[in-house]
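Chemist: Numbers given in the working numbering equal positions in the sequence shown, counted from 1, plus 1453.
Note that these hints are calculated values from the structure, not bench results. Because the structure is a prediction, the values reported are computed rather than measured. Quick reminder that beta carbons are idealized off the backbone N, C-alpha and C, glycines included. You may find that some hints are simply not true.
[Stated by the list, open to error] So the derived label-pair ranges between C-beta atoms look like this:
| no. | residue 1 | residue 2 | range |
| --- | --- | --- | --- |
| 1 | P1508 | P1652 | 42 to 48 angstroms |
| 2 | N1614 | K1563 | 18 to 24 angstroms |
| 3 | R1635 | N1602 | 38 to 44 angstroms |
| 4 | V1500 | E1462 | 36 to 42 angstroms |
| 5 | I1580 | A1653 | 17 to 23 angstroms |
| 6 | E1499 | N1591 | 34 to 40 angstroms |
| 7 | P1608 | E1638 | 24 to 30 angstroms |
| 8 | P1647 | G1600 | 22 to 28 angstroms |
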Amino acid sequence: MKEEKNWLELIKQTADFIRTKVNRLPKTAIILGTGLGDLASHINAEVSLPYNEIPNFPVSTVEGHAGRMIFGTLGDKYIMAMQGRFHFYEGYSMKESTFPVRVMKELGVKTLFVSNASGGMNPNFRIGDIMIITDHINLFPEHPLHGKNYNELGPRFPAMNEAYSKRLIAMARDIAKEKNIRLVEGVYVGTQGPTFETPAEYRYFYRIGGDAVGMSTVPEVIVARHGGMEVFGLSVITDLGGEGIAPDVSHEEVQKAAAAAEPIMSMVMEEIINRNEEL
1454 MKEEKNWLEL IKQTADFIRT KVNRLPKTAI ILGTGLGDLA SHINAEVSLP
1504 YNEIPNFPVS TVEGHAGRMI FGTLGDKYIM AMQGRFHFYE GYSMKESTFP
1554 VRVMKELGVK TLFVSNASGG MNPNFRIGDI MIITDHINLF PEHPLHGKNY
1604 NELGPRFPAM NEAYSKRLIA MARDIAKEKN IRLVEGVYVG TQGPTFETPA
1654 EYRYFYRIGG DAVGMSTVPE VIVARHGGME VFGLSVITDL GGEGIAPDVS
1704 HEEVQKAAAA AEPIMSMVME EIINRNEEL
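Construct the complete structure from the given sequences, taking the supplied hints into account.
Modeler: Structure below.
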């Protein structure tokens, strides 16, 4: 049997390295997904660390993911942001792909914001819609909490009855109403990828309760909640599939649709972070 890595030691090593590079530590973190990395341009960066310079970090291999960790201010709040994430389909284990979330927790992050590009199967959705993630369905073949549980990181059987913060969802609804912008809501289905979905898969995901599907986010959210972090998530609907819809999509088209929606997503994220007295 292959001996498991000492994850506690690796997390501490990485966190200690980051502490030597920054003057202060944030309570808020953002993971920026496909085509959404431009939110980083809204951050007044104090420190930028390429992933390949951070000990024990994987390196993102996906086009549209810059691959760096940024520390700075968004509005008047000090945050950290991952510009690019790590996916199970890239060949990383679940523990490797969610390792940065463990490091965030070790650094003192209390709230995690996640974003992604996803395919919509809710018939009321349109390409370019921004979906507030209210819940998720985990269809990944490996679980990020599989194996030995470290009580220092979280409980053996963490509750997932509120994976996405109802408090922050309510704030997003208020912002959408104030700004007169369209935000839809729904359940995100997480799958391993890297293929886009077949028409039958879209129908299946919708019938089991999903509104959008993607290849990320769910493992990160599970690990964040395992560590007691509050989570808020947004999906940009970059393509559509399902009953009566013939999905025809490329990664380039996904990036374009995500980039077009980025200004609104950035505004919503920034408004929530700056209105939240707890961050």
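Chemist: Now tell me if each hint is right for this structure.
Modeler: Quick rundown of the hints versus the structure:
{"no.": "1", "hint": "P1508 / P1652: 42 to 48 angstroms", "in the structure": "holds (44 angstroms)"}
{"no.": "2", "hint": "N1614 / K1563: 18 to 24 angstroms", "in the structure": "holds (19 angstroms)"}
{"no.": "3", "hint": "R1635 / N1602: 38 to 44 angstroms", "in the structure": "holds (41 angstroms)"}
{"no.": "4", "hint": "V1500 / E1462: 36 to 42 angstroms", "in the structure": "violated (24 angstroms)"}
{"no.": "5", "hint": "I1580 / A1653: 17 to 23 angstroms", "in the structure": "holds (21 angstroms)"}
{"no.": "6", "hint": "E1499 / N1591: 34 to 40 angstroms", "in the structure": "holds (35 angstroms)"}
{"no.": "7", "hint": "P1608 / E1638: 24 to 30 angstroms", "in the structure": "holds (29 angstroms)"}
{"no.": "8", "hint": "P1647 / G1600: 22 to 28 angstroms", "in the structure": "holds (24 angstroms)"}
Going through the hint list in order, the structure does not satisfy hint 4, though it satisfies all others.
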